[in-house]
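Let the sequences and hints guide you as you build the complete structure.
The sequence shown runs contiguously to residue 325 in this note's numbering.
Restraint-style ranges between C-beta atoms, simulated for each label pair:
id: 1; residue 1: Ala262; residue 2: Val231; range: 14 to 20 Å
id: 2; residue 1: Gln280; residue 2: Arg315; range: 35 to 41 Å
id: 3; residue 1: Gly288; residue 2: Glu199; range: 52 to 58 Å
id: 4; residue 1: Asn226; residue 2: Val181; range: 49 to 55 Å
id: 5; residue 1: Ala144; residue 2: Glu225; range: 54 to 60 Å
id: 6; residue 1: Glu323; residue 2: Ala269; range: 32 to 38 Å
id: 7; residue 1: Gly301; residue 2: Ala262; range: 17 to 23 Å
id: 8; residue 1: Asp284; residue 2: Arg321; range: 45 to 51 Å
id: 9; residue 1: Glu207; residue 2: Arg311; range: 33 to 39 Å
These are computed hints drawn from the structure, not numbers from a lab.
These figures come from a predicted structure and were not determined experimentally.
Note that the Cβ used here is the ideal one computed from N, Cα and C, for glycine as well.
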Amino acid sequence: MSQNRDDSPPIIAERRSRKPVREDAQPLWPLVLAVGAGLAIAALLAWWLMGRSSSDGASGIAPLESSAPEVFPEEHVEQESVPAARDPGADVGIAKAPSAPAAEPAASADQAATPERVPEVTPESAVGASEAPAQVSVQFTSPDTQVRIELRGPLESSLPLASKVGDIVTVAPGTYRVIASGGQLETFEQEVTLDGERPLEYTVELCAEREHVRENLAGRVVEERECGSTEQCESMFMVLSEYADQLVQDRAFRTEQCAKWRDSATPDGQWTLDIKCGGATLATACRVEIGEGACTFAAPRRSVRGAECPRAELK
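And the structure:
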């Protein structure tokens, strides 16, 4: 039994049969080495090509850069040195030569623009020049030698121009307010328009101061009614009281009472009416009296010569 076991192939020998297979396979390092060498060669070739292209571009730009500082400074120096060496007056002539053509178009442009503005400015200046000397002369006349005349312009800030009868004033055309006054004469105001090329004459005649008279009508009987008994008078008193309150408010009634005193008189101040009953006997009559009231009278307007006034004429 033991012999048979020794003659049989060992189990370990059968497991070692795989090692010869690995030993017979081709190694990988030559392939890796070849691939690495190829990549290195390709990288070197690419780097060399890029370096060549950059060097070519730099070499192409370098001549331009080198030529620019060489050419321009030399030409610039020659241009500066030549006029300085030859004649300083020549530089002035050269500097003026290009400026002259530039100034001529500007002048021509101004001349071309000036005719367009001339039609707008010239008429206004001409009108202003024509209006300035176109003054109006006015002579003031009046039959009353004591009359004083004041001429006010259209603007409130303008100073009034005072003159007397016979004076001649010169003013600009326009509308003015004439204020005429004098001793014992009523003041007169009027607006006049002064224009035209020929001299003007303003004649004015004022009214003399009028007489004003005031009359007190208190106590004057307005109406009277008889009553036969005391009771009747008391009743009439009540009626007349209401009647008087309405009557005193009527201006026509007051004007009528003033006309009884003097024609053309007018009521003045506050009016009241009183009712009174009595007489020789206890019951005789009831009457309405003016308790408070006055009238004023002013003479008609007349000039010193007795003519109608006021009168003003511009001719």
